[in-house]
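Asker: Next come the chains, spelled out residue by residue.
Protein chains: 2
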Amino acid sequence: MNEGIERISSGELSLRMNVTASQIRQDLNNFGGFGQTGYGYNVSYLYNEIGKILGLNNSHDVIIIGAGHLGQAIVNYSNFEKRGFVMKALFDINPDLIGKKIGGIPVYSVDDLEKYLARNPVPIAALTLPKEAAEGIAHRLVTCGVKGIWNFAHTDLALPSGIVVENVHLSESLMRISYRLANIGEEK
Amino acid sequence: MNEGIERISSGELSLRMNVTASQIRQDLNNFGGFGQTGYGYNVSYLYNEIGKILGLNNSHDVIIIGAGHLGQAIVNYSNFEKRGFVMKALFDINPDLIGKKIGGIPVYSVDDLEKYLARNPVPIAALTLPKEAAEGIAHRLVTCGVKGIWNFAHTDLALPSGIVVENVHLSESLMRISYRLANIGEEK
Numbered sequence: 032m033n034e035g036i037e038r039i040s041s042g043e044l045s046l047r048m049n050v051t052a053s054q055i056r057q058d059l060n061n062f063g064g065f066g067q068t069g070y071g072y073n074v075s076y077l078y079n080e081i082g083k084i085l086g087l088n089n090s091h092d093v094i095i096i097g098a099g100h101l102g103q104a105i106v107n108y109s110n111f112e113k114r115g116f117v118m119k120a121l122f123d124i125n126p127d128l129i130g131k132k133i134g135g136i137p138v139y140s141v142d143d144l145e146k147y148l149a150r151n152p153v154p155i156a157a158l159t160l161p162k163e164a165a166e167g168i169a170h171r172l173v174t175c176g177v178k179g180i181w182n183f184a185h186t187d188l189a190l191p192s193g194i195v196v197e198n199v200h201l202s203e204s205l206m207r208i209s210y211r212l213a214n215i216g217e218e219k
Numbered sequence: 032m033n034e035g036i037e038r039i040s041s042g043e044l045s046l047r048m049n050v051t052a053s054q055i056r057q058d059l060n061n062f063g064g065f066g067q068t069g070y071g072y073n074v075s076y077l078y079n080e081i082g083k084i085l086g087l088n089n090s091h092d093v094i095i096i097g098a099g100h101l102g103q104a105i106v107n108y109s110n111f112e113k114r115g116f117v118m119k120a121l122f123d124i125n126p127d128l129i130g131k132k133i134g135g136i137p138v139y140s141v142d143d144l145e146k147y148l149a150r151n152p153v154p155i156a157a158l159t160l161p162k163e164a165a166e167g168i169a170h171r172l173v174t175c176g177v178k179g180i181w182n183f184a185h186t187d188l189a190l191p192s193g194i195v196v197e198n199v200h201l202s203e204s205l206m207r208i209s210y211r212l213a214n215i216g217e218e219k
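Protein chains in written order, with my numbering: chain E, 32 to 219; chain A, 32 to 219.
It is worth saying that the hints were derived from the structure and are not from the lab.
Glycine included, every Cβ here is placed at the ideal spot set by N, Cα and C.
One or more hints might be untrue.
[As the list claims (entries may be wrong)] Covered stretches of chain A (chain E as the covering partner; in silico rule of three or more C-beta atoms under 8 Å from a C-beta of chain E):
| no. | stretch |
| --- | --- |
| 1 | 81 to 91 |
| 2 | 164 to 176 |
| 3 | 180 to 193 |
| 4 | 201 to 213 |
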């Protein structure tokens, strides 16, 4: 859309996405199609429909537990807001940070988590805190109605079914590089 | 190992890892086995062998391009060092940061990238910079012999074959939460 392209074929999408055209058609057909044979896809229609599939037609409030560098990086990353993710508050245990604002977002004490969520229900919380604290905080969040946990802590969380956990385990990502470097030449 | 356990069966691993025991046996057999029927796996032997598979028996120097919050978060994340990833230097264009140290690591000017890498060859570079700058910097890194790119910039990099690119696209991770929240109940 940003490039002023009105319609696009699965073949053109294929070149941009490094996925075969038939895979693209098949994937989109799983969600109902959106294209027409011989015409391709209307770009802005497709963009909106994919947005709906991803739940991006609504905005989502997000809180961040852990106001360290990673938490601050998330708050300052403007791309999320463009996708409808609104960073509402940071929580930390560090008295030097509590009461301050970071990137325009207030930092509250973790002790006030329940009070905050009672007044400001939030669907998604990011955990950017040490792994020792992650599981305990995650349970408190779930008890307060948080449904989605964006977990940066290097630990797997055991949470009730129905809670969405998305892990970003940076160590694992770095180890994948190491593995692939050690096995270069064997990759297809 | 930290728990003082000397040996473990695939069944016990299965409970901890939430993967079936037969999948664990099959995966490890792909790399040559490491276990004995009726005995299970010797934990420290298995740990070392998996480390070798992942290329963790050697240490890897890493530089970070972009000394913002995300770059600083990586420098300050001590877990990487435990796995043998040694953060050597940060690079930035911000004159307020250049010449300083962050988490004990020096910050150099991006202009000095080639000079630095000529003296200090490094296999892995993390890109924690705006997407507009990512591709240009990635090509400069590859020209200087960097083989693995840990890409946090929200863009796909077109690099020569043989270069390992590991993307950490945080927006996509957040959109996966949104998608899964929008489709809760349909998940298995």
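Asker: Does the stretch 81 to 91 of chain A contain three or more residues whose Cβ lies closer than 8 Å to a Cβ of chain E?
Answerer: holds (count 5)
Asker: Is the listed coverage of the stretch 201 to 213 of chain A by chain E valid when you require three or more residues with a beta carbon under 8 Å from a beta carbon of that chain?
Answerer: The restraint on the stretch 201 to 213 of chain A holds, since 12 of its residues have a Cβ under 8 Å from chain E and three suffice.
Asker: Count the residues of the stretch 180 to 193 of chain A whose CB lies closer than 8 Å to any CB of chain E, then report whether that count reaches three.
Answerer: The restraint on the stretch 180 to 193 of chain A holds, since 4 of its residues have a Cβ under 8 Å from chain E and three suffice.
Asker: Please verify the coverage claim for the stretch 164 to 176 of chain A: does it have three or more residues whose C-beta sits within 8 Å of some C-beta in chain E?
Answerer: violated (count 0)
Figure legend: structure checked against the earlier numbered hints; the only hint not met is number 2.
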